[in-house]
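Enquirer: Residues per chain are reported as follows:
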Amino acid sequence: MTSEADRPAASHPNYVLIWGILVSALLVSLFLGYMDLPVVAMVLIFTIAIVKAWLVIAYYMHLKYEPFFVVAIVATGLACLYFLFIGLVPDIVFAPSKGGAP
Amino acid sequence: MESSRAPASASGFREATEVPTGRLGLWWFLASETVIFGGLITSYVLLRWRHPEWSSEASHTLNAAGGFNTLVLLSSSLTVVLAHEAVAHGDLPRAARHLGVTLLGGLVFLCVKAFEYSHEIAEGFTPLTSLFWSYYYGMTGLHALHVIGGMIAIAAVALGVRRGRDAQRVEYVGLYWHFVDVVWIFLFPLLYLAS
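Chains U and P, in that order, are what the protein sequence lines are.
Under our numbering, the residue at position 70 of the first sequence is numbered 70, and the numbers go up by one with no gaps.
Under our numbering, the residue at position 22 of the second sequence is numbered 22, and the numbers go up by one with no gaps.
Keep in mind that the hints were calculated from the coordinates and are not lab data.
Even for Gly, the Cβ is constructed at its ideal location relative to N, Cα and C.
Fair warning: there could be bad hints in the mix.
Ranges of calculated distance between the beta carbons of each label pair, as one might list FRET restraints [as the list claims (entries may be wrong)]:
#1 Val-93/U with Ser-56/P: 17 to 27 Å
#2 Val-16/U with Leu-159/P: 22 to 32 Å
#3 Ser-56/P with Asp-91/U: 43 to 53 Å
#4 Trp-54/U with Gln-168/P: 37 to 47 Å
#5 Ser-56/P with Phe-68/U: 42 to 52 Å
Reference listing, derived: stretches of chain P covered by chain U, where coverage requires no fewer than 3 residues with Cβ under 8 Å from a Cβ of chain U [stated by the list, open to error]:
#6 35 to 48
#7 66 to 78
#8 172 to 185
Construct all of the structure, not just a fragment, from the sequences and the given hints.
Expert: Okay, here's the thing in structure tokens:
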């Protein structure tokens with residue numbers, strides 16, 4: 001079994017390179033924020049945000065190197081959010097408008 | 001036949017999961033935090049869906065300040081993971097220095113956020129101005145509280161590491177700090193760029 005000290009050191013990527021990719025992605029997002037193509041820019045901006053979050057979680061938090069059990073813990077939280085989102089759509093998005101209602 | 005796996009009490013690993021107890025607890029904690037921030041973000045996204053006019057209000061947030069703060073948090077994530085790497089190599093003084101730089105990053109983040117708040121309040125945008133601004137102050141304020149909590153934890157761990165104690169905790173505060181970074185990675189486009 002891999003020891004605690006060996007786990008990240010033996011297989012981790014170049015952290016500075018990951019940081020460079022994250023900063024480059026941030027600069028692209030900022031540039032897209034000023035583009036005159038709102039829908040396309042928003043799709044790209046949120047795609048980049050998901051990629052950035054994945055890079056931090058996978059390589060800085062080492063989720064990529066964790067056993068399945070830990071991945072399942074993270075998936076549990078995300079599954080709760082998914083059901084929350086689906087459950088709220090009818091109440092927020094498709095509910096008829098009333099005076100002063102959100 | 002003798003198992004090659006060390007008992008949990010000796011190595012700190014849980015035999016069933018092969019994960020140290022501290023790290024396992026942190027992941028459970030972060031999963032619960034995901035639901036806290038995720039609940040806010042989910043309801044905000046749905047309300048933005050219903051109210052496209054919120055984009056004009058989001059145009060009053062300061063993209064440059066938010067972008068700079070994103071850079072600060074990404075950089076502090078790098079320094080905290082380098083601190084973890086230093087611990088793995090047994091270089092505790094270097095780990096303590098990296099944690100110090102991470103603390104500095106958190107302080108810069110909070111100063112920029114305070115500047116943004118004062119600018120926005122001076123412009124007349126308070127938490128009571130509209131639902132958008134309630135969400136803005138609520139989500140960024142909760143995030144700032146997490147940054148402060150993380151800084152306190154990192155300072156305590158850094159002091160221990162300087163004295164050569166509890167070096168394994170560097171990974172645990174690092175996990176928490178990365179989570180705070182991940183939350184901001186989503187708050188930045190939602191509150192600043194989507195305008």
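Enquirer: With reference to the structure, classify each hint as holding or not holding.
Expert: Comparing the hints with the structure gives:
1. Val-93/U with Ser-56/P: 17 to 27 Å: holds, 20 Å
2. Val-16/U with Leu-159/P: 22 to 32 Å: Holds, since Val-16/U and Leu-159/P (Cβ atoms, about 27 Å apart) stay within the stated range.
3. Ser-56/P with Asp-91/U: 43 to 53 Å: Since the Cβ atoms of Ser-56/P and Asp-91/U sit about 25 Å apart, the hinted range of 43 to 53 Å is violated.
4. Trp-54/U with Gln-168/P: 37 to 47 Å: At roughly 26 Å between Cβ atoms, Gln-168/P and Trp-54/U fall outside 37 to 47 Å, so the hint is violated.
5. Ser-56/P with Phe-68/U: 42 to 52 Å: holds, 45 Å
6. 35 to 48: Holds, because 8 residues of the segment 35 to 48 of chain P bring their Cβ atoms closer than 8 Å to Cβ atoms of chain U.
7. 66 to 78: Held - the segment 66 to 78 of chain P has 7 residues with a Cβ nearer than 8 Å to chain U, which meets the minimum of three.
8. 172 to 185: Contact hint for the segment 172 to 185 of chain P vs chain U: holds, 7 residues under 8 Å.
The structure does not agree with the numbered hints 3, 4 stated previously, though it agrees with the rest.
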